[in-house]
Each structure stands twice: as structure tokens, then as C-alpha cells.
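Chemist: Starting from the structure of chain A, add chain B where the hints point.
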Amino acid sequence: MRYFTAYLGWTLFRNVVNVWTASEKMNNLLLFNIDLLVRFTLLMAMFYHTFQYPNEKRTVIILLIGFWVLFSIDFFLSNPNLGDLHNHRINRYSFVVESVLMLGLVLRFFLYLVRELPVVNLTRFPMFWICCGLLILHAGTVFLTPFMHYFNVWNNPYNFSTMVKIEHWVEIIKNVAFAIAMAYARRSTY
Amino acid sequence: MPVDPRIEMNLQTANDAILIATIAMLLMAIFIIVFVAYYQQKQAQYQIMVKELQERHRQELMAAMFRGQEAERRRLAQDLHDDIGTMLSVAKMTLNQLERHLDRFSPERAQAHKTRQLLDDTLKNVRRISRDLVPTTLERFGLLAALEELVGNANNDLISVQLEWPEKFDVTTPALDVMLYRIVQELTNNAIRHAGATHITIRFFIHENELRLAVLDDGRGFDIDEVVQSKQRGLGLRNIESRLSVVNGHVTFDVAPGRGSQIIVQIPLENPKLVALLT
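Here the protein sequences line up with chains A and B, keeping their order. Using the working numbering, you'd call the opening residue of the first sequence number 1 and step up by one each time. Using the working numbering, you'd call the opening residue of the second sequence number 1001 and step up by one each time.
Derived from the structure by calculation, the hints contain no laboratory data. Certain hints may be false.
To be verified - Here are the simulated distance ranges between beta carbons:
| no. | chain 1 | residue 1 | chain 2 | residue 2 | range |
| --- | --- | --- | --- | --- | --- |
| 1 | A | Ser23 | B | Ala1014 | 32 to 38 angstroms |
| 2 | B | His1057 | A | Gln52 | 25 to 31 angstroms |
| 3 | A | Val100 | B | Arg1056 | 32 to 38 angstroms |
| 4 | B | Gly1234 | A | Val120 | 40 to 46 angstroms |
As the list claims (entries may be wrong) - Covered by chain A, per the in silico footprint, the following chain B stretches (three or more residues, Cβ under 8 angstroms):
| no. | stretch |
| --- | --- |
| 5 | 1028–1041 |
| 6 | 1068–1076 |
C-beta atoms are modelled at their ideal positions from N, C-alpha and C, and glycine is treated no differently.
Same shape as in the complex, but just chain A:
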């Protein structure tokens, strides 16, 4: 829960900075890009401490290092000029890879839950709710992100309103699941 709390703290910080930069009409592209790396790293750290077996922990580390490499390449390919606010495309491949990896890790954790029964009351287990939130979020955005990040630029002539709505809805569901997780983490009665 330590890393998850750090993840929530980071998300709050990012949102506040976003609002501030938007109100000041400042370029926040770097923050958008870095956000992906920071949140992925924090969530992977959370999974690293959640998984029990050494080979799973090793896999998490390998995936994280692989993701950093991919992110670095993607960052430079997708953002040749961070100053060009109107024609940038935020990391085209990293978002999709993030979603696929998160779905894989969540499914592995669910498999662990049903196989080894580490908790008696699953609905009061914070990690279950965190994984529910992540599963809904990434299942809902795994097909949307490549589409949106390939096409979406500042002066976009195409209409993505339905996709944006879906993205917002899954974000809301994820946040509700995270809130439930935090509520149960405080009680620790699973």
C-alpha cells in the first residue's frame, strides 16, 4: 500500500500541476510524458511487493527495465519537439504497452488469489479493489489509446467524443475502486 499511496500522491500532484499550467497557458508536455513513467514505476513497485514468488518479482523487474527502455525510445520518437504544443503526439506505443502489461499483471494476481486463497474475505481486500480498478481502466483504454494517440493532436479535425467519454467513465470507475481500496486498507479487516 506504500507505493499505491505514493501513486495516488503523484496523481494528485500531476493533476494540480496540470490545472495550474493550463491556467497559465504553459507547456506541460514533459509532465504528461513523465507521468506515464512515474505511475508505471510506482504500480510495478506495488506489484513487486505484492507478488510472493522470486520468479514473479524477477519478471516484474525485467518488465520495468524493458518498459523504461521502450519509453525512452518512444519518448524521443514521439516528441521530436516538446515545444510544439499543437502537433505533438504523446508516447504512441508506451501507453498501449502499459495497458497490456497491467492487464497481464492484474490477471496473474487474480490467478494467485483464486489458487492460493491468501484472504478469507476478498471484497474487503484492498489489493483486489486496486486490481479491479486497474483492470477496468486498462481494459477500457487498451484499444482507445493507440487510436487516440496516433490521431489526436491539438488541431484535430476528427471527432473522438465517444472515446473520450469512455475513457472518462473508466477513469471514474477506477477512482471509485481505488477509494474503496483505501477505505478497506485503513480498516485492515480482510
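Modeler: The following block gives chain B in isolation, referenced to the frame of chain A:
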């Protein structure tokens, strides 16, 4: 900037396809969550049921073991009393007759007298062992009478044992009586033999639908961890715990080296089925 209608149409088709795929993914995600929650709950219930069955089986085994132990004690006591006791009595009678035929001041008569005394002592010991093996008072007159007898035997000039028994105390069954008697016997023996206690109090009471037995002494106490780890010394205490586990009871040891001990036994009374296991 106007968009080419063909691109617009293709984009719309792609948009619809992605929407359908996203909805399908979301439905699958929801299905996975529901499945995991449901399956885990089922598995957890199954595990709890298996654990309960294992616990029940263990209790039945323990109960059978104690029933067997009691039956064996009874057989042994009967053999001692009926066979060895009778043979010793016959030997004593024969010796009496022989003694009468011997000269009053002869050394043979003195030898015979000494042998008769030894036989008397042996007979007393056989009766005592037989009585300890199967407390006949317990079977005939109940727990209170048996405990009074136990206390009476333990009391002497150096040791004072007190029994505190509530006025209304009719919650036990014959099977539970045997168990309580054995526990009191073990704890009293421990207090006298190992702790060197001079004052022992045995107290029975009912507290919140629970039968409680407290054995308090002023002995020199002992280190519970050391005793439990010791295979030989901890046998009696482990035996008490095993007996209590059959009826979901437990024992609390408030003990430490250099001071008196308080040992409290708690037996829940709401489950008569468990007590019936002992019968």
C-alpha cells in the same frame, strides 16, 4: 480544415470497431472480476468446511483415544484388584496359617511376620494404584465426592488442599466429570510434586456459559516455555490441552518461576455434542 468524406467514413468505421472492441473488453473485465470474487468466495467456504471437518475428525480421534485410555485403565485396575489383589490376600491368609504353626519366639515366625507386613503394604499399594487408575467414587457418587476424596488423600500435616464448589453446579456429564477429575488430579500432583506447594485451592465456577476450573497454589512456580519444550516434563500439561481440545476448551497458565501459580481451565458449555464425543 474540411475532412475527406472517404477518410471520414473509414474513420467512423474504425471508431465503431474500436468502440465494440472496448465494450467487449470491458464486459470481459467485469466478467473476470465477478468470476474471481465468486470463485474465491466458494473456494474459501470450501476450505473452511474442510478445516472444520478435519478439526471434527481430530476431536473424534482424540475422544476415541481418551475413551480407549479410560477403558484400558479400567481393565488394568480390574486385573490388579481381582487377580493380583486376590492372590496377595490368599498369600497373606496362607502366611497367617503358617505363622500360627510356628513357635512363638522362633526366628522363622519373625520372618513370617515381616513378610506378612510386606504383603499388607503391597496390598495397600495395589488398592491405591487400582483406585487411582479408576476412581470408583467418581463413577458411583459423582465428581464432587471423587474430588473430596482426592483432596482428603492429598491433605496432610504439611499440605493443605481446599476445594471450592458452587452450590448449584449440575452442568457436567459423566464423560466431562472424568475429564475434569483427571485434570484436577494432574494439576494437584504437579503442584505438590514439582512446585512444592503447601496450600492448594481448587475452585469450580460458571462464568458466561463457560465452566471454569481454577487451581491456585503457593509453590515455587515454573517456566512454562521450558516445560512445554521438554518432552518428558510437559507431557502432563500437553495431556490436559489434548483433553480440553476435544470439547473446544482451553487452559491458561499464569505461572512464573519463584511465585505461586494460577492455572485456569475454561470449557464452553454451549456445545453438548462435543462433550458427547467423550462418552
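Chemist: Look at each hint and say if it fits the structure.
Modeler: Taking the hints in turn, this is what the structure says about them:
1. Range check, Ser23(A) to Ala1014(B): about 35 angstroms between beta-carbon atoms, so the 32 to 38 angstroms window is met.
2. For the hinted restraint 25 to 31 angstroms between His1057(B) and Gln52(A), the CB-CB distance of approximately 30 angstroms keeps it satisfied.
3. Judged by the Cβ atoms, the range 32 to 38 angstroms given for Val100(A) and Arg1056(B) is violated: they are separated by roughly 48 angstroms.
4. Look at Gly1234(B) against Val120(A): about 33 angstroms separates their beta carbons, and that is not inside 40 to 46 angstroms.
5. Evaluation of the coverage hint for the stretch 1028–1041 of chain B: fulfilled, as 10 residues show C-beta separations to chain A shorter than 8 angstroms, against a requirement of three.
6. Remark: the stretch 1068–1076 of chain B is not confirmed as covered by chain A, as 0 of its residues place a Cβ nearer than 8 angstroms to a Cβ of that chain, below the required three.
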